[in-house]
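S.K.: Below are the chains, spelled out letter by letter.
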Amino acid sequence: MNILEIENLDVTFTTETGDVPAVREASLYVRPGETLALVGESGSGKSTVALAALGLLSGNARATGRVEIGGVDVVGANEADLSRLRGRTASMVFQEPATALDPLTRIGAQIAEVIRNHRPLSAKEAASEAVTLLRRVGIPDPEQRASAFPFQLSGGQRQRVVIAMAIANSPGLLIADEPTTALDVTVQAEILDLLRALAADSGTGVLLVTHNMGVVADFADRVAVMLQGEIVETGPVEEVLLRPSHEYTRRLLSAVPRLTVAEPGDVPAAAPEVPTDAAVVELRDISVHFGRGRRTVRALQDVSLTVAPGETVGLVGESGSGKSTAARVALGLVPPTSGSVALFGTDLGRARGRARRALLAGVGVVLQDPVASLDARMSVGECVAEPLRVHRRGMPAAERRARVAEVLERVRLPRELAGRGPRELSGGQRQRVSLARALVLEPRLLVADEPTSALDVSVQQTVLEVITELQDELGFACLFVSHDLAVVQQFAQRVVVMHAGQIEEQGPTETTLLHPGTDYTRRLIAAVPVPDPVLQRRRRAERRAALAVGGTGATA
Amino acid sequence: MSAALRTTTPPTEAVAGHRLPLRRFARNRLAVAGLAVVVLFLLFCFVGPLLHSTDQTHTDLTQVNLAPNGSHWLGTDAVGHDELGRLMYGGKVSLLVGLAAGILATVIGTLWGAIAGYAGGWIDAVMMRVVDAGIAIPALFILLVVSAITTPDTLGLIVILGLVSWLVPSRLIRAETLTLKNRDYVLTLRAIGGTHGRAIARHILPNSVSTIVVAATFQVADAILLVAYVSYLGLGVQPPSTDWGGMLSAGLTAAYSGRWWLIVPPGLAIILVVCAFNAIGDGLRDAFDIKGRG
Chain A
1 MNILEIENLD VTFTTETGDV PAVREASLYV RPGETLALVG ESGSGKSTVA
51 LAALGLLSGN ARATGRVEIG GVDVVGANEA DLSRLRGRTA SMVFQEPATA
101 LDPLTRIGAQ IAEVIRNHRP LSAKEAASEA VTLLRRVGIP DPEQRASAFP
151 FQLSGGQRQR VVIAMAIANS PGLLIADEPT TALDVTVQAE ILDLLRALAA
201 DSGTGVLLVT HNMGVVADFA DRVAVMLQGE IVETGPVEEV LLRPSHEYTR
251 RLLSAVPRLT VAEPGDVPAA APEVPTDAAV VELRDISVHF GRGRRTVRAL
301 QDVSLTVAPG ETVGLVGESG SGKSTAARVA LGLVPPTSGS VALFGTDLGR
351 ARGRARRALL AGVGVVLQDP VASLDARMSV GECVAEPLRV HRRGMPAAER
401 RARVAEVLER VRLPRELAGR GPRELSGGQR QRVSLARALV LEPRLLVADE
451 PTSALDVSVQ QTVLEVITEL QDELGFACLF VSHDLAVVQQ FAQRVVVMHA
501 GQIEEQGPTE TTLLHPGTDY TRRLIAAVPV PDPVLQRRRR AERRAALAVG
551 GTGATA
Chain B
1001 MSAALRTTTP PTEAVAGHRL PLRRFARNRL AVAGLAVVVL FLLFCFVGPL
1051 LHSTDQTHTD LTQVNLAPNG SHWLGTDAVG HDELGRLMYG GKVSLLVGLA
1101 AGILATVIGT LWGAIAGYAG GWIDAVMMRV VDAGIAIPAL FILLVVSAIT
1151 TPDTLGLIVI LGLVSWLVPS RLIRAETLTL KNRDYVLTLR AIGGTHGRAI
1201 ARHILPNSVS TIVVAATFQV ADAILLVAYV SYLGLGVQPP STDWGGMLSA
1251 GLTAAYSGRW WLIVPPGLAI ILVVCAFNAI GDGLRDAFDI KGRG
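Quick note, the sequences are listed as chains A and B, same order. Okay, so the first sequence: first residue is 1 according to the working numbering, each after it adds one. Okay, so the second sequence: first residue is 1001 according to the working numbering, each after it adds one.
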């Protein structure tokens, strides 16, 4: 019997502006011990299906259709029945481990609470079982760690605790909504290993909601693809990822940036050529410390890097590696504790007032968050015109409008958009408006800090295409900060790998990412899941072998 | 391919955009009633005298202490002024001082809070300690001392009230600024060499406008109350000019002799207007609040 069965599920949200259908006629099932991946882009309704499966939809949602977990109906069930079901027959792992745990309760107690909610155990028995669970999910020193508060754990460890809570009562069904999206790739690989092992051991069925095709290839047995609230394709993972039948799946997969990996026997390419031109931006021995005394955080230590004219340099690393701080130092937003920044050959730290502003006129900036990047109180045209108002104060209004229209068209947006508000645009359109603003002064350097991380893959592809195209045309250099190795590989000529505030290694993209020189980079690349189940299975085996040999199986 | 795929990310938030707060406000009955009360009182005080003209400067000893009747709907006071006309005349001062002082307090508080929050570091620390010190001394006390020394006219009263009540709005705006100054659009502006003044004037203040407007309505209500206090204690605007607080004070002696028409109308007017402004403030706060409505 299937542990989860959904048939003709419809979900509609009632909002202030009318009814919004979120899911239409969705049908799927999960067998015990099997993982079904529900994939789709943002707004496709995949999370809504997951929430509906546990009866967790918000009050303004209306669900119809049939949802059964282990033969028990969910749609018509009352809250008391659902409470018995949740955490017992089926449980859920959410995206953000930081908010899934109660910050003021020790983790052992939180797990024990889940156990005692459903089973008649004494407090002591539950506590000892919590320790067993912590050991099972790979938390080192579980006896001591059980009395830790969530903030004392890393993000990966927190997610392990969340998983421990989810499997506390050996549920038949585990629903994981983007369980690794908030985590770094190396941690993601460990969490996926853990989930896979747990599912295999106990025969738990898993409904995995994700947008990441690499994760799907790594973990799923079957795949269901959602588009605008409907499931458009279902099938075994090899079938769907390698031989997709639906037009949308094909487009989606072609938009996923793929990390090219070295085939066994490949030889490193020729020696890297060092850029010899005068640098557009040069960071020399930069250190940045935040705070004082014992609390000092060394965000950057002796970081040196250069970007040559017209060149794209990818700055990669995991969260906390200092890559964004390095970009902000280059922009003069974060003053370095020691070291110097030269922008277009002039020391940025010494430039003051008008000279400094003139230097910064040669820089364009695109930041990560498409919502926060544009001031919602301004029109798109005003947003794009802002650098002109700062640096070309004498420019007549008509000329300014013409320039804004021109640059909007450059980023493939209709010029009519100038009169609209940022709220009316999609995420990809907003990032292109940000790009237009960055390019309106024709800068010599574009600093892009995770410009596409918040976007769906298809939209990401368009934005990257626009940047590449304009770079060919206008010849600006680009410092491209990203955590996504596949994107950087596609986009950058040189790559700088950062780790814990220091530069691990740097060199031409082909050689560095195919034949890394340091262990850290090798591990980083090995942890990236590729959207090809066959290749990914081989890579996983290799990564595990490498970890076993290196003895670096330490948990995140 | 971009055109084909763009269908997957419809700009769902395109709905009616900024019109939403207005509709929310219109749906809040108490707030709409508050707005109506304020508008009616403004008409009453500023247009009313044109329809019901009375002499509020000369005493008329033939007409003292009359109960409400056909020619004096709310009776007359101890020196023969028509009470209905006096309510309009006093209301002009109360509303004018209240609105002007409330707005002045909000303007000072907004600038102070925005600059402190944006500058950060020791400038912020010094500016906010000034605010803390100010809040530690009751505004009413400062107000009484100053008005006892100077016997202010209407303009003087506005300035004094404004200067004692900007502290709370400055804290609100500072808190707002702290979150706004790290928004990506402010960082972007700074990264390309935009000035601090531009960041405050073009980004931080426009985005704090909801906080500012809500703070302003509450400030107006407070200011009207404060004027009433001061005048009630005889330290506000001086005769023959008056305001609702002053009328209450003048009528107090009459309260024990059953001349209710000297007490109830001004008292009721104060309560109604202050409640109305508070209701408007609540309505505006809810209307601007996006988070509260998922």
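Derived by calculation from the structure, the hints in this document are not laboratory data. Incorrect hints may appear among the rest.
[Stated by the list, open to error] Derived DEER-like restraints, expressed as beta-carbon distance ranges:
1. A:338 <-> B:1209: 36 to 44 Å
2. B:1179 <-> A:42: 23 to 31 Å
3. A:260 <-> B:1179: 38 to 46 Å
4. B:1195 <-> A:338: 47 to 55 Å
5. B:1179 <-> A:128: 32 to 40 Å
6. B:1239 <-> A:371: 40 to 48 Å
7. B:1179 <-> A:243: 16 to 24 Å
8. A:289 <-> B:1196: 19 to 27 Å
[Said to hold, decoys possible] Just some of the chain B residues that point at chain A, by a computed CB distance under 8 Å:
9. 1115
10. 1118
11. 1184
12. 1188
13. 1192
14. 1194
15. 1196
16. 1197
17. 1198
Note that CB positions come from ideal geometry on N, CA and C, so glycine has one too.
S.K.: Now look at each hint and say whether the structure bears it out.
M.R.: Do the hints match the structure? See the list:
Under the hint 36 to 44 Å, the C-beta atoms of residue 338 (chain A) and residue 1209 (chain B), about 42 Å apart, fit the expected range. At about 25 Å, the CB distance of residue 1179 (chain B) to residue 42 (chain A) agrees with the hint of 23 to 31 Å. For residue 260 (chain A) and residue 1179 (chain B), the Cβ-Cβ distance of about 42 Å falls inside the hinted range of 38 to 46 Å, so the restraint holds. As the Cβ distance of residue 1195 (chain B) to residue 338 (chain A) is approximately 28 Å, the hint placing it in 47 to 55 Å is violated.
The hinted window of 32 to 40 Å between residue 1179 (chain B) and residue 128 (chain A) is violated, with their beta carbons roughly 44 Å apart. Judged by the Cβ atoms, the range 40 to 48 Å given for residue 1239 (chain B) and residue 371 (chain A) is violated: they are separated by roughly 58 Å. For the pair residue 1179 (chain B) and residue 243 (chain A), the beta carbons lie near 49 Å from each other, so the given range of 16 to 24 Å is not met. A C-beta distance of roughly 25 Å is found between residue 289 (chain A) and residue 1196 (chain B), which places it inside the suggested range of 19 to 27 Å.
Against a cut-off of 8 Å between C-beta atoms, the interface hint on residue 1115 (chain B) is violated, since the closest Cβ of chain A lies about 19 Å away. A cut of 8 Å between beta carbons decides the hint on residue 1118 (chain B): the least distance to chain A is about 15 Å, and the hint is violated. Here the hint on residue 1184 (chain B) is kept, as its CB sits about 4 Å from the closest CB of chain A, short of 8 Å. Hint on residue 1188 (chain B) holds. Least Cβ distance to chain A is approximately 5 Å, under the 8 Å limit.
With a cut of 8 Å, the hint placing residue 1192 (chain B) at the interface with chain A holds, because the nearest CB-to-CB distance is about 5 Å. For residue 1194 (chain B), the interface hint holds, the least distance from its beta-carbon to any beta-carbon of chain A being 5 Å, beneath 8 Å. Interface hint at residue 1196 (chain B): violated, since its Cβ lies 12 Å from the closest Cβ of chain A, which is beyond the 8 Å cut-off. Among the interface hints, the one on residue 1197 (chain B) is violated; its C-beta lies about 11 Å from the nearest C-beta in chain A, farther than the 8 Å criterion.
Among the interface hints, the one on residue 1198 (chain B) holds; its C-beta lies about 7 Å from the nearest C-beta in chain A, closer than the 8 Å criterion.
Checked against the numbered hints given earlier, this structure breaks hints 4, 5, 6, 7, 9, 10, 15, 16; the rest are met.
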